[in-house]
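With chain A held as given, fit chain B onto it using these hints.
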Amino acid sequence: MLNNLTQPHDYPGKLFVVEGIDGSGKTTQLGLLAKWLTAEGHRVFVTEWNSSALVKAATKAGKKKNALTPMTFSLLHATDFADRLLYKIIPPLKAGMIVLADRYAYTAFARDATRGVDRQWVRELYSFAVRPDLTLYFRVPIDVSVDRLLARRVKLKFYESGMDMGWSANPVESFRMFQGKVLDEYDHLVDEFGLDVIDAAGSITDQQRVVRNVIAQHVQISQMELTDDEPV
Amino acid sequence: MTSPSDAPPTSGGVDADGGANGNGLAGRYYGRGIPYLPIEGYPGKLIAIEGTDGVGRSTQIQLLREWLEVRGYGVVETGWTRSMLMQPTIELAKSSNTLNKLTFVLLYATDFADRLEKEIIPALKAGFVVLSDRYIFTALARAGVRGVDRQWLRNLYGFAIAPHMVFYLNVDMKTLIGRVLASRGMDFWESGMDLKHGDDIYDSFRAYQNKLLREYSSMADEFHFRVVDARRPVDRIQDELRKNVAAFLESAERPADRSADTLALQR
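Sequences listed follow chains A and B, in order. At position 223 of the first sequence the residue is numbered 223 (my numbering), and the sequence of numbers has no breaks. Converting from the second sequence to my numbering requires adding 232 to each position, the first position being numbered 1.
What the hints contain is simulated information worked out from the structure, not anything from laboratory work. On a predicted model such as this, the values are computed, not experimentally measured, just so you know. The C-beta atom is built at its ideal place from N, Cα and C for all residues, glycine as well. Just so you know, not all the hints are guaranteed correct.
Derived DEER-like restraints, expressed as beta-carbon distance ranges [unchecked claim]:
| id | chain 1 | residue 1 | chain 2 | residue 2 | range |
| --- | --- | --- | --- | --- | --- |
| 1 | B | 479 | A | 188 | 44 to 52 Å |
| 2 | B | 439 | A | 48 | 54 to 62 Å |
| 3 | A | 220 | B | 435 | 45 to 53 Å |
| 4 | A | 180 | B | 350 | 26 to 34 Å |
Next comes chain B alone, as it looks inside the complex:
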């Protein structure tokens, strides 16, 4: 059985398959993929921005999209829980608070499968840069915190495509709390109130987010996260993202450019 954790160790730096990512699986199915949907050799790139609630992912994605489009790249955005198929069901489940953790995990996986097959893979085949606001790592972290078997989770998401790049917006608890309170406040799910650690939303938020941050950190090596210090100002973070994305896209395009150059140079 192939799973992300069974992936052959990659040699620290640059490798042939994953470009600058050091991730040999980049762009391919993590594990047992979708046999009826072969995905070799598509031109698009999948870039995921991960990070906990309120860390500033969507701001960064908007800026990144703008910049990519100015540079001439077609961009498609995708998120977590946005498929037509499952959105009403997941909203219903969240509002009624009747779901157990396993059903929850499976609903999100269904939603993701729908988006993968109908949005992400078609966009990749059409040559778009797909920016994913959260990816399977959010699901793995949330379910892991809730005690769902980690190996089972990894097998479940074996049908996911390993992104070409995963940026993990890393933040400390103090900064996170400040940002969340300054923007929209703490909500039921983001505070892990379903875990029933107590009635105090602040304490629950703190305890839950602490566990989530630990869960994300523990995945950093396994899934080749590029850890970005998200305590810094928005434009500093954006600079770092752009620098990395530019380097990756340029290296990915180099073979094609080179042959174009060769032709151009026959003057």
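Looking at chain A on its own, in the form it has when it is part of the complex:
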């Protein structure tokens, strides 16, 4: 049995992951983190969930026809992940780079379980993954996340809102119900996989300060930056 997700990797690079529901602000935080690490002289590579070219076509076709079942949704994302892991994540880790992943296997664990896929099966499915050096989970109350998304006039996406589950015809209501359950799943993952929880209801600057302090324990950072307590 593979158990890569529970064993530390021995690549020279570092793998940092941000997790959280839509509207948690994790992508913003990841962007700021990348800027800072690059300025510190590190070679940084960013990879996003569900972004490999090959699988994008199938996911899109499936979404358009609303044809994905929870199982095929789960397996397609695992395929995408395997593709990115082998082409985009492991090579930079071998080259000693810092890989920043916007979502990781934990997203699958939370979403697929919410859709009714067997929890243990999904964990075994992703057992080929590399264990991150650090996973930051941006925890946010569902109301804050909904307010943020609506304020940005983001059109709530079909699968992200869990519309495929048919729980509500109203996208906002469906999003609340679906992502509310996803939040519960994340809470279990925190202990199971030792995720670092960041309070994502706070200001962007405060959060980023916390993020940089945590990351600084894993990478070489110039002394100057660490003692600098100016807002970032």
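Just chain B, lined up with the frame of chain A:
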């Protein structure tokens, strides 16, 4: 964790669950199934015909289908890589030859999941005999040969339904090579050219198919294959398949028939 290999040992011969198959899992999920899709008590039967490339599976399935339909059974055929969802993606991947082995395995698993949920399970629930041209064993064999972790593969396919019967068309290398050359020749994938064992397609075919045959054989006990000697003429093989299928379907229907007989006998 439940996986095919963890299945409780069955007592050699006939057992209550699997009829004549000696397979207690027959008709149920192999491992961690699909929780939102319970499958107890459906009337259909799932019969898989396995065997390597060019062994004559599709011919046998056509004949079997014909025979079953004449006998009044509704038949649905399914194959490997035929789902609407994944076909274009898999064809693209094969033609561009860019896929690594893990992605390949997962694409096929996605394809299978789509077919299972949308074709196989609905057909079983509707009472059809589902004839599957290849089943998960092909995926397990191909990936196993390519060095993918076997336990991981078995967990992955834990959502598959264990067929009521699996016929494995067994053939030796000499016969196989003769048949493939006589029909359509050796192709890139069936020769395992992606494994880059050399440029010679004949040597590669031979080496790759040898490994595949060994891989299939090693699964025979684990998955309760009924091994059929496929070196024989088409009609001899078909006779054997029909005899086995008839015996299985009759034994599966017996309880119902018996009560019907009882009613009929109250004359």
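Evaluated hints:
A hinted range of 44 to 52 Å holds for the C-beta pair residue 479 of chain B and residue 188 of chain A, which are about 49 Å apart. Checking the proposed 54 to 62 Å range against residue 439 of chain B and residue 48 of chain A shows it is violated: the Cβ atoms sit about 40 Å from each other. At about 52 Å, the CB distance of residue 220 of chain A to residue 435 of chain B agrees with the hint of 45 to 53 Å. The beta-carbon spacing between residue 180 of chain A and residue 350 of chain B, approximately 29 Å, falls within the hinted interval of 26 to 34 Å.
Of the numbered hints listed earlier, the single one contradicted by the structure is hint 2.
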